[in-house]
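Asker: The chain contents come next:
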Amino acid sequence: GAGVSQTPSNKVTEKGKYVELRCDPISGHTALYWYRQSLGQGPEFLIYFQGTGAADDSGLPNDRFFAVRPEGSVSTLKIQRTERGDSAVYLCASSPRDTGLNEQFFGPGTRLTVL
Amino acid sequence: EDQVTQSPEALRLQEGESSSLNCSYTVSGLRGLFWYRQDPGKGPEFLFTLYSAGEEKEKERLKATLTKKESFLHITAPKPEDSATYLCAVRSNAGKSTFGDGTTLTVKP
Numbered sequence: 001g002a003g004v005s006q007t008p009s010n011k012v013t014e015k016g017k018y019v020e021l022r023c024d025p026i027s028g029h030t031a032l033y034w035y036r037q038s039l040g041q042g043p044e045f046l047i048y049f050q051g052t053g054a055a056d057d058s059g060l061p062n063d064r065f066f067a068v069r070p071e072g073s074v075s076t077l078k079i080q081r082t083e084r085g086d087s088a089v090y091l092c093a094s095s096p097r098d099t100g101l102n103e104q105f106f107g108p109g110t111r112l113t114v115l
Numbered sequence: 116e117d118q119v120t121q122s123p124e125a126l127r128l129q130e131g132e133s134s135s136l137n138c139s140y141t142v143s144g145l146r147g148l149f150w151y152r153q154d155p156g157k158g159p160e161f162l163f164t165l166y167s168a169g170e171e172k173e174k175e176r177l178k179a180t181l182t183k184k185e186s187f188l189h190i191t192a193p194k195p196e197d198s199a200t201y202l203c204a205v206r207s208n209a210g211k212s213t214f215g216d217g218t219t220l221t222v223k224p
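Protein chains in written order, with the numbering used here: chain A, 1 to 115; chain B, 116 to 224.
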């Protein structure tokens with residue numbers, strides 16, 4: 001079946017602009033995670049959804065970052081007033097449910113470049 | 116604060132030359148330790164979950180082990196297609212996942 005998909009694959013924007021990154025999880029997966037990965041580093045946790053609600057948003061760096069999952073499937077990560085330091089690959093992952101021990105299935109990521 | 120340190124940062128092996136990758140961790144209550152493989156331009160791909168000290172898991176040429184302070188990923192007789200970045204992550208009882216920065220493995224034919 002289809003894996004996790006993310007769009008766009010690449011996004012170039014100017015400092016101060018607003019961007020939206022989309023994640024389509026595997027059908028039926030109730031848990032969805034967002035991570036940010038900078039070059040040469042491991043993924044950094046941002047936010048985790050169980051169904052429609054954000055179960056843990058402790059990784060969001062500041063109030064410019066916001067994520068939604070209104071129908072418990074597709075999720076959108078929104079970044080306001082982008083800064084050059086926001087440049088990174090944004091990864092989305094999903095799993096059937098979150099048990100704390102479950103495998104996460106990752107998408108290919110969206111590469112965000114802020115000029 | 117949970118921490119994960121992976122070593123070495125990079126490892127170059129000849130095809131067939133076995134070796135090990137290390138993942139040292141400190142976590143406030145370990146729920147699970149995960150190993151992932153990441154190829155350039157792609158998202159991480161799940162390999163193993165280890166739950167408790169003493170546990171071992173194998174998959175083809177890879178074997179993962181876990182102690183109370185570290186985990187090893189042993190690679191036996193690697194092939195060029197094993198070249199990738201290997202990531203280690205811990206999940207705390209509080210639910211948060213923390214990744215290491217990975218070991219980039221290159222296997223030369």
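It cannot be assumed that every hint is accurate.
Said to hold, decoys possible - Part of the chain B face toward chain A, derived, beta carbon under 7 Å:
id, residue
1, K157
2, P159
3, G210
Claimed, not checked - Below are the SDA-like pairs computed for lysine to any residue, each with C-alpha atoms no more than 20 Å apart in a straight line:
id, chain 1, residue 1, chain 2, residue 2
4, B, K157, A, D56
5, B, K174, A, L101
6, B, K211, A, D56
7, B, K211, A, Q41
8, B, K172, A, L101
Honestly, the hints are just simulated from the structure, not real lab data.
Idealized CB from N, CA, C, for every residue including glycine.
Asker: Look at each hint and say if it fits the structure.
Answerer: So, going through the hints one by one against the coordinates:
1. Because the smallest distance between the Cβ of K157/B and any Cβ of chain A comes to about 6 Å, under 7 Å, the interface hint for this residue holds.
2. Interface restraint check: P159/B against chain A, minimum CB-CB distance 5 Å, threshold 7 Å, status holds.
3. Residue-level restraint check for G210/B holds (minimum Cβ-Cβ distance to chain A is 6 Å; threshold 7 Å).
4. Between the alpha carbons of K157/B and D56/A the distance comes to roughly 25 Å, so the proposed pair goes past 20 Å and is violated.
5. For the suggested pair K174/B and L101/A, the alpha carbons sit about 18 Å apart, so the restraint of at most 20 Å is met.
6. Between K211/B and D56/A, the direct Cα distance comes to roughly 8 Å. Compliance with the 20 Å bound is thereby established for this hinted pair.
7. Distance restraint check for K211/B and Q41/A: the Cα-Cα separation of roughly 17 Å lies within the 20 Å cut-off, and the hinted pair is therefore satisfied.
8. Restraint check: the Cα-Cα separation between K172/B and L101/A comes to about 15 Å, which is no more than 20 Å; the hinted pair holds.
Taken one by one, the earlier hints fail for this structure only at number 4.
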